[in-house]
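Chain A is fixed; fit chain B onto it per the hints.
Protein chains: 2
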Amino acid sequence: MTLTVYHAEPGANSLKVLLALKEKGVEFESCYVALNKFEQHEDWFKAINPAGQVPVIVHDGRVINESTVINEYLDAVFEGAALRPADEYGRAMMRIWTKFVDEYFCPALSYLAWSWMIAGMVKDLSAEEFEAKLARIPLKEQQDKWRITAREGYPKERLDEWRRQVLTSIGRLETALAKGGPWLLGEQFTLADIACFSMAQPMPSGYADVMNQRDTPHLMAWHGRMMQREGVQAALAMPNRYRDEMLATQSKEPSHA
Amino acid sequence: MTLTVYHAEPGANSLKVLLALKEKGVEFESCYVALNKFEQHEDWFKAINPAGQVPVIVHDGRVINESTVINEYLDAVFEGAALRPADEYGRAMMRIWTKFVDEYFCPALSYLAWSWMIAGMVKDLSAEEFEAKLARIPLKEQQDKWRITAREGYPKERLDEWRRQVLTSIGRLETALAKGGPWLLGEQFTLADIACFSMAQPMPSGYADVMNQRDTPHLMAWHGRMMQREGVQAALAMPNRYRDEMLATQSKEPSHA
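As you go down the protein sequences, you meet chains A and B in turn. The numbering used here applies: residue 1 is where the first sequence begins, and numbers increase by one. The numbering used here applies: residue 258 is where the second sequence begins, and numbers increase by one.
Treat the hints as calculated values from the structure; they're not laboratory data. Each hint should be verified, as a subset may be incorrect.
With a Cα cut of at most 30 Å, we get these calculated DSBU-like pairs of lysine-lysine [what the hints assert, rightly or not]:
1. LYS402(B) / LYS156(A)
2. LYS140(A) / LYS402(B)
3. LYS46(A) / LYS356(B)
4. LYS179(A) / LYS397(B)
5. LYS281(B) / LYS140(A)
6. LYS145(A) / LYS281(B)
7. LYS156(A) / LYS281(B)
8. LYS37(A) / LYS281(B)
9. LYS156(A) / LYS390(B)
10. LYS356(B) / LYS397(B)
11. LYS140(A) / LYS413(B)
12. LYS37(A) / LYS179(A)
13. LYS294(B) / LYS99(A)
14. LYS145(A) / LYS356(B)
15. LYS413(B) / LYS145(A)
16. LYS380(B) / LYS99(A)
Covered, in the sense of this in silico footprint (three residues per stretch, anywhere, with C-beta under 8 Å from a C-beta of chain A), are these stretches of chain B [claimed, not checked]:
17. 299-305
18. 336-348
Backbone N, C-alpha and C fix where the C-beta goes; we use that ideal spot for every residue, glycine too.
One chain only, chain A, in its complex shape:
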């Protein structure tokens, strides 16, 4: 039984799968895919996942993509702490959360993050090099997202709408956690916490105006509890070449701030 996990740095959907693996204590072979080097669009990777997206797992020769699907699979197949409620109503409530992350919270955050991140990634590419990179992206909507974020940017009303959706998402989490806790479904730590945390993890710094002690005290307390978990710490300690290279670049360039 072999398990290979193709993932990027421990953030967003890659973090989601790494959290489930580390929380359960599942052994796996880590294969880092550098998104800032566009490795997810290289032929060797598209042979594994034709959509050209991480994370992906290969378990005994069988490929599974989509982080939410992967996490239910990992929980069902591997030993370790159960990350889903034992009862079906609890599972339904868990899936309402994981679905909300996939369809609402994650897309809003993703469009906003890309709007500043991609421009930085492609700034040193010529128009020709950029088009060559684009041509290797298998999904048309991903191509569009790259082209728009890297060049003209999205119109202000769409960016405003995504910011509103992020604010709504944070409000939904705060309301749920204010009802009890310590976890989103109550006493049991589940894939719902993992999915929401995979998005909310960097927000107390990146979105301090919407996620902070004053406005979202219950969410901040939950974030603190998450950060104290061994599995969470192990997932966040996974290689992060994107951050390392950003830090290396910053330390080389003189600051004009």
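Same frame as chain A, now just chain B:
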């Protein structure tokens, strides 16, 4: 053990849940919510589902919304034919399909359908009456969708992009079914077939240019097999006041075609 199902006519997400119920032979109390009368935004319904959307089930006093979550719940809890593979890899493959319907196929179809349907629904309302209807819609993104589709409409490039996504979705189904069948996952009829059919059911007439014998023969054959199933026929025979009222209106108005 009581099960009440709040649903609209047998189309899209309401059809998805009705198909699972009828395929399994689950007894339930049907509660029809007339979308063209905006009943889903009335207070009595929002007391059940604050999001103001169908379908919703109430099982022994507990509310579950989101058709995809409902269908996994129904299959796990009720007797009748299993609509999910017994093995976890099969379940993962099934969830890739149900997720694709929720995140890609359904939204594209929905924006296109609303673009002509909502305008018809609200054409007899004054601006004041329309705003009063809008004010009762709990979700901001649903309010926006109503306002835009009912009044100015979406820009051509967004409509074109949704049309492209519908075409891509149909292509993905045809490719999968060309590999074998008779069902999307092979021998077993599953929630993947139910989810895809809930969207594709009216397309041989509504989208005959993209779903037809010449271009998508395997998909048409699958559609034919679906239509022969007793459970599918029973679901499609559920009340359809929207269609009935449309037909009644057409028979009263002189045709200028």
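Hints and how they fare:
1. LYS402(B) / LYS156(A): holds, 18 Å
2. LYS140(A) / LYS402(B): Holds: LYS140(A) and LYS402(B) sit about 24 Å apart, inside 30 Å.
3. LYS46(A) / LYS356(B): Satisfied, since the Cα-Cα distance of roughly 20 Å is no more than 30 Å.
4. LYS179(A) / LYS397(B): holds, 24 Å
5. LYS281(B) / LYS140(A): Between LYS281(B) and LYS140(A) the Cα gap is close to 38 Å, so the pair fails against 30 Å, i.e. violated.
6. LYS145(A) / LYS281(B): The given pair, whose Cα atoms are some 41 Å apart, is violated under the 30 Å limit.
7. LYS156(A) / LYS281(B): violated, 48 Å
8. LYS37(A) / LYS281(B): violated, 49 Å
9. LYS156(A) / LYS390(B): With Cα atoms ~28 Å apart, LYS156(A) and LYS390(B) stay inside 30 Å; holds.
10. LYS356(B) / LYS397(B): Roughly 23 Å separates the two Cα atoms, so the pair holds.
11. LYS140(A) / LYS413(B): Given pair LYS140(A), LYS413(B) holds - Cα atoms ~18 Å apart, limit 30 Å.
12. LYS37(A) / LYS179(A): Measuring from Cα to Cα gives roughly 43 Å; hence the hint is violated.
13. LYS294(B) / LYS99(A): holds, 28 Å
14. LYS145(A) / LYS356(B): Since the Cα atoms of LYS145(A) and LYS356(B) sit roughly 20 Å apart, the hinted pair holds (cutoff 30 Å).
15. LYS413(B) / LYS145(A): Answer holds: LYS413(B) to LYS145(A) is near 18 Å, not above 30 Å.
16. LYS380(B) / LYS99(A): Status violated; Cα separation ~34 Å.
17. 299-305: violated (count 0)
18. 336-348: holds (count 3)
In this structure, the hints that do not hold are numbers 5, 6, 7, 8, 12, 16, 17, in rising order.
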